[in-house]
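A.B. asks: Here is how the chains run, residue by residue.
There are 2 protein chains.
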Amino acid sequence: MRMSQMYLPTLKETPADAEVTSHKLMLRAGMIRKLGSGIYTYLPLGYKAISNLEEIIKEELNKKGAQELLLPALQPASLWEESGRLENYGPELMRLEDRHAREFCLGPTHEEVITDLVRDEVRSYKELPLNLYQIQTKYRDEVRPRFGVLRGREFIMKDAYSFDADEKGLNESYQQMYDAYCNIFSRCGLEYRPVLADTGTIGGDDSHEFMVLADAGEDIVVYCEECDYAANLELATADSKVIAQDEEAKELKVVDTPEVSTIEDLVTELDLAAHKMIKAVLYQVDEEPVLALVRGDYEINEVKLGNILDVVNLELAAEEVYQKLDTVKGFTGPVKLEEIKIVADELVMEMSNAVSGANKLDQHYLNVNPGRDFKVTTVADIREVKVGEDCIQCGSQLKQTRGIEVGQVFKLGTKYSKALEATFLDQNGKPQPLVMGCYGIGVSRTIAAAIEQNHDEYGIKWPKALAPYNVELLVLGSGEVMEQAEEFYQQLKEEGIEVLLDDRAERAGVKFNDADLIGAPIRVTIGARSLADGKVEVKLRQTGEEFKVEVEEFLAKIESLLTDSIY
Amino acid sequence: MRMSQMYLPTLKETPADAEVTSHKLMLRAGMIRKLGSGIYTYLPLGYKAISNLEEIIKEELNKKGAQELLLPALQPASLWEESGRLENYGPELMRLEDRHAREFCLGPTHEEVITDLVRDEVRSYKELPLNLYQIQTKYRDEVRPRFGVLRGREFIMKDAYSFDADEKGLNESYQQMYDAYCNIFSRCGLEYRPVLADTGTIGGDDSHEFMVLADAGEDIVVYCEECDYAANLELATADSKVIAQDEEAKELKVVDTPEVSTIEDLVTELDLAAHKMIKAVLYQVDEEPVLALVRGDYEINEVKLGNILDVVNLELAAEEVYQKLDTVKGFTGPVKLEEIKIVADELVMEMSNAVSGANKLDQHYLNVNPGRDFKVTTVADIREVKVGEDCIQCGSQLKQTRGIEVGQVFKLGTKYSKALEATFLDQNGKPQPLVMGCYGIGVSRTIAAAIEQNHDEYGIKWPKALAPYNVELLVLGSGEVMEQAEEFYQQLKEEGIEVLLDDRAERAGVKFNDADLIGAPIRVTIGARSLADGKVEVKLRQTGEEFKVEVEEFLAKIESLLTDSIY
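Chains as they are written, first to last, in this note's numbering: chain A, 851 to 1417; chain B, 851 to 1417.
Fair warning: there could be bad hints in the mix.
Any copy, or any two copies together, can satisfy a pair, since identical chains are not distinguished.
What the hints assert, rightly or not - Lysine to aspartate or glutamate pairs mimicking DMTMM-like chemistry, simulated, CA-CA at most 20 angstroms apart:
hint	residue 1	residue 2
1	K1225	E1196
2	K1398	E1330
3	K1100	E1200
4	K1210	D1160
5	K1249	E1149
6	K884	E1271
7	K1343	E918
8	K1191	D1223
9	K884	E931
10	K1179	E1149
11	K908	E1344
12	K1361	E1395
13	K1343	E909
14	K884	E918
15	K1268	E977
16	K874	E971
Source of the hints: derived by calculation from the structure; they are not laboratory data.
A quick note: this is a predicted structure, and the numbers were derived from the prediction, not measured.
Produce the entire structure from the sequences given, and follow the hints as far as they go.
C.D. replies: In structure tokens form, the structure reads like this:
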């Protein structure tokens, strides 16, 4: 493409409302423009990157026998009623009515629609396994759309759905997709990690997220450097140390703690370690209050807690709940708190003579002993893993890093097939629910994640597989210089190499800046001086390496660079 | 693709609610499935045809310098207010609110969004011309969705928008797109015709529709066989014959015509030709009544009338309008009808001593003379062209045929750029509104239109450019037969030829029926008997031609057939 003719509005200044690097660079490089909150146009440069990724995804999924189709974005609300998600999904689900006041929603995901499709078509175990996928625009009315296309309300997603006859089949399908995802993100040149993940509103049994490691990530990945354990912090578990507290149980007593309502302040006030405190947080699930307990040196992991309680979103209790329970915010504890569901972390049950809130303003209990002083409804792992804890697999120390979730695979099991009565006849002619998996890749998000991981202060450093253009010819001059550039341009195009020709009547500085911003892996500068020596200057965007190439060897050199030397 | 593994649910029976051939065949061949009224899933076979067409469209548009991008489907309603179309578009526009009660619509077309995009980016005449396009899912809440994907509520469209500095530039851009469309539909192997068209709700000056000629078409194309004149009936004009009526004006008189309220009955009752009658139809535009007049041997063309009155949809007058005007339905005429806007066809003004309704039950006037007996507000061509009238270009006889509109090109001019204040600086540094064109292709509709034009009673006869699979290998047997088929399958795949291998354990009859239904251009039957002679049987779907091919010559023969012999 000739830049003189391309719709490529680059910006010198960073727009004010862009917070993260990928958002800034996608705006500045003329890849995207905002239409509304969380709603973006992909300009030609941005759309080319998207198309490159889509091509890689299709190739890798097709290799695994997955088949591409296209499901509607407009979905009858009645299908979501059948699955029970119409209410469950909440305000993130965009809803509308047609001219006849029939209710629809805009698909944020397509489990219902695909299950509805196959329940009418798949009859026998002979038609299984089946894996169907689509690349499509999806809608999710995020509370806080932000970070450009990293968290948008309209976004491009690849979603795949597998159908098997049994658990064993599902495990194979899941592994196939897991492998395909590894191939996809490797081909994209991304540093990524598959991690154990929560299943959220999608539901199901096992799940992995594919995380592109980047500081701007909203997710925290807990991983072990010694073995392959890696999990989203939301779900991560550790072999936490039970700190010996096997003293003899002492008598429960009240202590005045004026204005001391945090663990930190209690540690100071009572001169006791945090692991002697019981941290109690009051939630409400629908109308019912729930008290969650962890040891004072941990935080509550709300995702784990939500899973125990079987709710997707937890709410902190409102003031009236405290009043109704006759307790006080900041001084809540499990002792003598009547008729309430209590979920305690495993480590809490190992504590003795602990400190907890006394449910009265400015008072705490000393010598609280679980079992003796309060009963719990449920004991479970509801604490958040800390850096340095022991890996459950190998005992080595756990680390944490930030990641951007670009893909997720789920073992759904029979959640949707049972709800929508999607069955097949097994080898004995008996109807069985289809065993499903679902597999997503955030297409637009992956492009942003690639930029988060591949940039410097001057702009994008595209991995070659995603690069909208692999080569930029930067022309400094006219006449013979431009003629030589045109010749290179035609040669590269004939070889099927995507090439950008900066033939604009701009100053050299503007051209060099735009080249760094747009980030083609190979920049070739064609100027009068080196051309007089029969040479052009090549610079590799990833490494910064610069060298001269003879005009005669130009094409061969570019081809070998693209094949071997750069990722 | 191996049929044993493909999600290709063919149907023997035609589903009850399918009216037209393409709808029936797309359902039966396993190309589409209905999710809701006017909302369809494209199954793998259907989506492959869609993808083939998209590829052709992209190639031809890119050749003309158009650049692909992707605009959001979710559009802020405020943009449609700016252009004035929010109300204008009516209930066809699907509307929704986000979680903050902000209004949005789902894009049926993208003039507003693209104009909003460029108004912030294009500054100078140097950046023009510009042509941007996208292929995207669009939404239109049709009153009566029908005919499968021919008239859906969610459909795939290619829409392009050109921006020029002046009328001359627009004309060039328009011609480029016109040529690209001809290339696209020619490459698709379709019999089509570009015709003059109305601009409808899009607005603008000139427009052509691209019509695929097919009996199931909802549009009527008026065309001249001697010259290149062709127009949508909605817009077609003819050099109609003024039938000499230059008699001396006689005295106006009333005649009783009990229960005679149609032109046909009047002809019998009064023994006068239809061209002596004035046909008068009462409409209402907003609150105002409008009387339209044509000669009795013509019909009123409501699109032409609407254009004269500058309204998109005309409504027939309600009963109370007749009462208010003191006239009677079936006996309405222009004489002594007070304070009403009258639009008369040109030919009406040439009549003398005509018959018209007397605005009283069971009475007509004789000897009505325009000018003397009534005054008109506007004279214009508002009659519908009849078969056999004279071509306005060459005087030859006009014909009519049915067509399916698969594309339309518009000269928008400055309608949207003025409304949205999208300007550029001209060579004198003065701001000027961008001069726009817009260009659509119904992608899903084109596939259906291709089937309407290419089928027989057994199924689809794909033109090769659109065919999901160009070759089907129909295997009759196992062992050596299957081995040979597998070898062919691999060979064809290596050559990049899309091939379907019917390796299913089905009866021969089922396989032959499915092959005809799915309609690959080349069917190759591999059976034990002919294989014993070292041959396989080839059948061409379009012509029905059958012949044997030596196994050794197989690949060369298939390649030459695909290159030369079939379209």
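A.B. asks: So, for every hint listed, does it hold in this structure?
C.D. replies: To see whether the hints hold, each was checked on the structure:
With identical chains, the CA atoms of K1225 and E1196 are at most 20 angstroms apart within one copy only, with a shortest distance of 13 angstroms there and 95 angstroms across copies. Taking identical chains as interchangeable, the C-alpha atoms of K1398 and E1330 lie at most 20 angstroms apart only when both belong to the same chain, with a minimum of 18 angstroms there against 59 angstroms between chains. For the identical chains of this complex, K1100 and E1200 are intra-copy neighbours only, at 15 angstroms inside a copy versus 115 angstroms across copies, given an alpha-carbon limit of 20 angstroms. Taking the shortest Cα distances, K1210 and D1160 never come within 20 angstroms of each other, neither inside one copy (31 angstroms) nor across copies (75 angstroms).
In the homo-oligomer, the alpha carbons of K1249 and E1149 lie at most 20 angstroms apart inside one protomer (17 angstroms), although the nearest pairing across protomers, at 81 angstroms, exceeds that limit. Taking CA atoms no more than 20 angstroms apart as the test, K884 paired with E1271 passes between copies only; the shortest distance there is 18 angstroms, against 42 angstroms inside one copy. Within a single copy, K1343 and E918 get their C-alpha atoms only as close as 29 angstroms, which misses the 20 angstroms cut-off; across copies the closest is 18 angstroms, which meets it. Taking the closest pair of Cα atoms, K1191 and D1223 come within 20 angstroms of each other only inside a single copy of the chain (15 angstroms); across copies the shortest separation is 91 angstroms, beyond that limit.
With identical chains, the CA atoms of K884 and E931 are at most 20 angstroms apart between copies only, with a shortest distance of 19 angstroms across copies and 33 angstroms within one. In the homo-oligomer, the alpha carbons of K1179 and E1149 lie at most 20 angstroms apart inside one protomer (17 angstroms), although the nearest pairing across protomers, at 80 angstroms, exceeds that limit. In this assembly of identical chains, K908 and E1344 lie within 20 angstroms of each other by CA distance solely across copies; the values are 18 angstroms between and 25 angstroms within a copy. In this assembly of identical chains, the alpha carbons of K1361 and E1395 lie at most 20 angstroms apart only when taken from the same copy (19 angstroms versus 60 angstroms across copies).
In this assembly of identical chains, the alpha carbons of K1343 and E909 lie at most 20 angstroms apart only when taken from different copies (14 angstroms versus 23 angstroms within one copy). With identical chains, the CA atoms of K884 and E918 are at most 20 angstroms apart between copies only, with a shortest distance of 17 angstroms across copies and 30 angstroms within one. In this assembly of identical chains, the alpha carbons of K1268 and E977 lie at most 20 angstroms apart only when taken from the same copy (19 angstroms versus 57 angstroms across copies). In this homomeric assembly, K874 and E971 come within 20 angstroms of each other (Cα to Cα) only across copies, at 17 angstroms, whereas the closest approach inside a single copy is 47 angstroms.
In the structure shown, a violation is registered for the earlier hint numbered 4 alone.
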